[in-house]
Every structure is written in structure tokens, then in C-alpha cells.
Amino acid sequence: MKGAVTKQELINFYTDIMNKYKQKSARTPQDEEEAVMFAHEAAVDQTIEEMARGVVENLKKMEESE
0 MKGAVTKQEL INFYTDIMNK YKQKSARTPQ DEEEAVMFAH EAAVDQTIEE
50 MARGVVENLK KMEESE
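For the sequence shown, numbering that gives the first Met the number 0 gives the first residue as 0, with consecutive numbering after it.
These are computed hints drawn from the structure, not numbers from a lab.
Among the clues, some could well be false.
To be verified - Just the calculated beta-carbon pair ranges, DEER-fashion:
no., residue 1, residue 2, range
1, T5, I47, 15 to 25 Å
2, A38, S64, 22 to 32 Å
3, H39, D15, 16 to 26 Å
4, G2, E65, 11 to 21 Å
5, A3, Q45, 27 to 37 Å
6, G53, T5, 12 to 22 Å
7, A41, D15, 10 to 20 Å
8, S64, D30, 43 to 53 Å
9, D15, K60, 13 to 23 Å
10, S64, D15, 16 to 26 Å
Where a beta carbon is used, it is the ideal one built from N, C-alpha and C, also for glycine.
Please model the entire structure based on the sequences and the hints provided.
Written out as C-alpha cells, the structure is:
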């Protein structure tokens, strides 16, 4: 069984998530249906990215206060 996950590993994990969603949002839709789908995905992606950013910020604050 693997030991506890370090704060840095969590920061890296959530930073990777944020970067993946930024790359994904650079796509260009080919038609109206795809544009609607991309808009929906972008809203979900933005929520996930904001959550990941919040986790990273909190972990960094915890690290600084130690």
C-alpha cells in the first residue's frame, strides 16, 4: 500500500488538471451544434478548473503556514 500523498503531489495533480482544461478550451467549433456542446463543456471545465485552483491555493497556504 502506498504511503500518504504529499501536498506537493496534490498541487501538481490539480495544476495538471487546470492546464489540461486550458488546452481543451483552445478548440474551435465546426458548426452550431458543436459550438453549443463546447459552450456546455466550457462551463463544466471552468467549474472544475476553479475548484482545482482553490485546492492548489489552499494547499500552498497550508504549506506556507507550517
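Going through the hints against the structure:
In this structure the supplied range 15 to 25 Å holds for T5 paired with I47, their Cβ-Cβ distance being about 22 Å. Look at A38 against S64: about 39 Å separates their beta carbons, and that is not inside 22 to 32 Å. Taking the beta carbon of each, H39 and D15 are about 23 Å apart, inside 16 to 26 Å as hinted. Distance hint check for G2 and E65: the Cβ-Cβ separation is about 18 Å, which falls inside the suggested range of 11 to 21 Å.
A hinted range of 27 to 37 Å for the beta carbons of A3 and Q45 is consistent with their spacing of about 31 Å. Remark: the range hint 12 to 22 Å for G53 to T5 is upheld by a beta-carbon distance near 19 Å. Between A41 and D15 the beta carbons are some 19 Å apart, a value that agrees with the proposed interval 10 to 20 Å. Taking 43 to 53 Å as the suggested C-beta distance range, the pair S64 and D30 conforms, at roughly 50 Å.
Taken as a hint, the range 13 to 23 Å holds for the pair D15 and K60, whose Cβ atoms sit roughly 20 Å apart. Checked against the hint of 16 to 26 Å, the C-beta distance between S64 and D15 comes to roughly 24 Å, which is consistent with it.
In this structure, only the earlier hint numbered 2 is contradicted, and the remaining ones agree with it.
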